[in-house]
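Protein sequences appear in the order of chains A and B.
Residue numbers for the first sequence follow the numbering used here, beginning at 139 and rising by one.
Residue numbers for the second sequence follow the numbering used here, beginning at 85 and rising by one.
There may be inaccurate statements among the hints.
Reference listing, derived: stretches of chain A covered by chain B, where coverage requires no fewer than 3 residues with Cβ under 8 Å from a Cβ of chain B [said to hold, decoys possible]:
#1 193-203
#2 246-258
#3 366-374
Far from chain B, by Cβ distances over 10 Å, these chain A residues were calculated [unchecked claim]:
#4 Leu237
#5 Arg307
#6 Ser312
#7 Ile357
#8 Phe379
#9 Leu388
FYI, nobody ran anything at the bench for these hints, they're computed from the structure.
Just so you know, even glycine gets a beta-carbon here, dropped at the ideal spot from N, CA and C.
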Amino acid sequence: MAALDSDRRMAQVVSVEEVRTGGGLIGGLKNLAFLAIPILVLLALWELVARFSGMPAALLPPVSAIFSALVRMAEQGTLWIDIWSSFRRLIQSVFLGSLAGTLIGVLMGYYRIWERILAPPLNFLLAIPGTALFPLSMIWFGLTELAITTILIYEVALTVTLNTWTGVRTVDSSLIRAGKAFGATGPSLFWRVLIPAALPSMIAGYRLAFSRCWRILIIAEMLVSVTAGLGYRIYWGREFFNSDVVYAGLLVVGIIGLVMERVFLRGLEVATVEHWGTMREAN
Amino acid sequence: MTRLTILALTLGGLLTLSSASAQTKVTVGMASGVNQVTSLVAAEQGYFKEEGLDVEIKPVVRGVLAVEAIVAGSMQFAEVSDVVLFSAIDKGIPLVAIGAASRGFTGKMVGKPSLGEIKSLADLKGKRIGIQVGTGVHGVFLMLLEQQGLSESDFQISNVRVTDMPTAMASEGAFDAVLGWDPMMQRIVQAGNGMEIISAKQFQEMSEITYPLLLVADKSYVAENRSTVQRFVNAYAKAHKWIRNNPDGALRIFSNTVKESGSPLEEDIIKTMMFEVEKFTGVNFIASDEKELSRTRDFLRKTGKISSVPDLKDILDPSFADAAEAAIK
Chain A
139 MAALDSDRRM
149 AQVVSVEEVR
159 TGGGLIGGLK
169 NLAFLAIPIL
179 VLLALWELVA
189 RFSGMPAALL
199 PPVSAIFSAL
209 VRMAEQGTLW
219 IDIWSSFRRL
229 IQSVFLGSLA
239 GTLIGVLMGY
249 YRIWERILAP
259 PLNFLLAIPG
269 TALFPLSMIW
279 FGLTELAITT
289 ILIYEVALTV
299 TLNTWTGVRT
309 VDSSLIRAGK
319 AFGATGPSLF
329 WRVLIPAALP
339 SMIAGYRLAF
349 SRCWRILIIA
359 EMLVSVTAGL
369 GYRIYWGREF
379 FNSDVVYAGL
389 LVVGIIGLVM
399 ERVFLRGLEV
409 ATVEHWGTMR
419 EAN
Chain B
85 MTRLTILALT
95 LGGLLTLSSA
105 SAQTKVTVGM
115 ASGVNQVTSL
125 VAAEQGYFKE
135 EGLDVEIKPV
145 VRGVLAVEAI
155 VAGSMQFAEV
165 SDVVLFSAID
175 KGIPLVAIGA
185 ASRGFTGKMV
195 GKPSLGEIKS
205 LADLKGKRIG
215 IQVGTGVHGV
225 FLMLLEQQGL
235 SESDFQISNV
245 RVTDMPTAMA
255 SEGAFDAVLG
265 WDPMMQRIVQ
275 AGNGMEIISA
285 KQFQEMSEIT
295 YPLLLVADKS
305 YVAENRSTVQ
315 RFVNAYAKAH
325 KWIRNNPDGA
335 LRIFSNTVKE
345 SGSPLEEDII
355 KTMMFEVEKF
365 TGVNFIASDE
375 KELSRTRDFL
385 RKTGKISSVP
395 DLKDILDPSF
405 ADAAEAAIK
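I would like the entire structure built from these sequences, with the hints used as guidance.
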């Protein structure tokens, strides 16, 4: 009887609301506790080891010193200037790189001839890490913003090109035939069938490009002499053995990266592909 | 010959061989630029070998990197500026200075020809200047600014690695001037991308410094290896004496090193770099060294770059250098 009961239960359609209700707040608090407690324990251990192990502060500053450095940088204003400088470079590079990458990717995905011409050099360039090109960009453009943004735009464009090309190329031909059957041709077929079908892959490309750009940007700010930026601040901190500034900078880089990913990029995904029904919602 | 004699001779030979091959291995972080001559001479003239040391000389672009290597245990000695020494000690790195690897300021400012004649630092107000932050050169620049009633905010200071300065000056509109040390500064001038606007000698006179480049090691290492440390400093003292007595020989050694780096410089330029100010006057600390170290320490404390004021007695150990200089008199 018990087995039949459980089979009957499984056969019933369970609504989304039914799945989500029950223990929401408590469940949320439990999840938060599971997340926060290990982190707090780790931080406490770090503080104790840093203070009492005899290790130089230059190697392992106490957690309290790292947070003090963060507060100090915030009060001095350098933290906000650095965040804004890094963010500005990121947005500029992602915008221009995504534009270029989308155009090239669509070209390659839609026209076989462009695919044949551009695929080999694209694959070659994908094998070279963007950070390896900084010595070259510094020779071409000197120690200027351009030396940073050219490489970032290049990296974003490559990533977006690849994903867009793949997305457009792999659109189900039955969708295209269906669109044509409904009278869509040329531009309307392109915008109303091809692009929406390729959108999940394209959005995935933008997310990936965004993350990669952020990581490379931090390195770029260390290599190319700029006057502000999170990578610059981390590098500057090292020069006076100010490890608290280095760790604080790394903490901010991680937090901003996480926030951008979870809020901005995920939001973009929800607002586009999930909203338009071209991707299954996450359970 | 009796069997006993043969055995004694064999044993004696084996002992000699084993002691000859048992040279103490150490690594030293050699400063970049013309200050590296001391270690180069000590190696080429065989002074390290004489002292029973097998020394690996590792060129290090700046003192911070050398200190990191000492902390990691991959280096035993390093040549660093006083700014780096105080910064490291302030952050809990237990270093001690055991002598002066060399002396004499090597920093110079190179600027775009469009700057025109520069009579003082005030003429550069508002200009974008590249400096490697955290170095001794940077420290001297800051002290000079204070002396002249100026501050960093009067300029647009950018942190530039000294090895990137030739690139920085090659681009139009990026930098108006850079403050670094030779041979990088000379490379900029030689490439036609800048002209010397303040020489090392001028800096030294304006700042009233002698700028000792300190030979440092970890405190525990020094305490546990006093014999090795003494022998190392002995080799440096001998190198200084040889340079003073053989300036042309020292010039040859350094010129060859510059040539081997792939970017040769004219010999006259190298000669100026080496002998513009007195650099190799002996490894022992002199009165002006202590005065200068106190001044730097107090300045770094005042500007918040360090949080405490260490007693010089705790961070200088003059015994090795004094003994080394006494031995070669």
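Against the structure, the hints:
no., hint, result
1, 193-203, "holds (count 5)"
2, 246-258, "violated (count 0)"
3, 366-374, "holds (count 3)"
4, Leu237, "holds (27 Å)"
5, Arg307, "holds (41 Å)"
6, Ser312, "holds (55 Å)"
7, Ile357, "holds (14 Å)"
8, Phe379, "violated (4 Å)"
9, Leu388, "holds (17 Å)"
When each numbered hint is compared with the structure, violations occur for hints 2 and 8.
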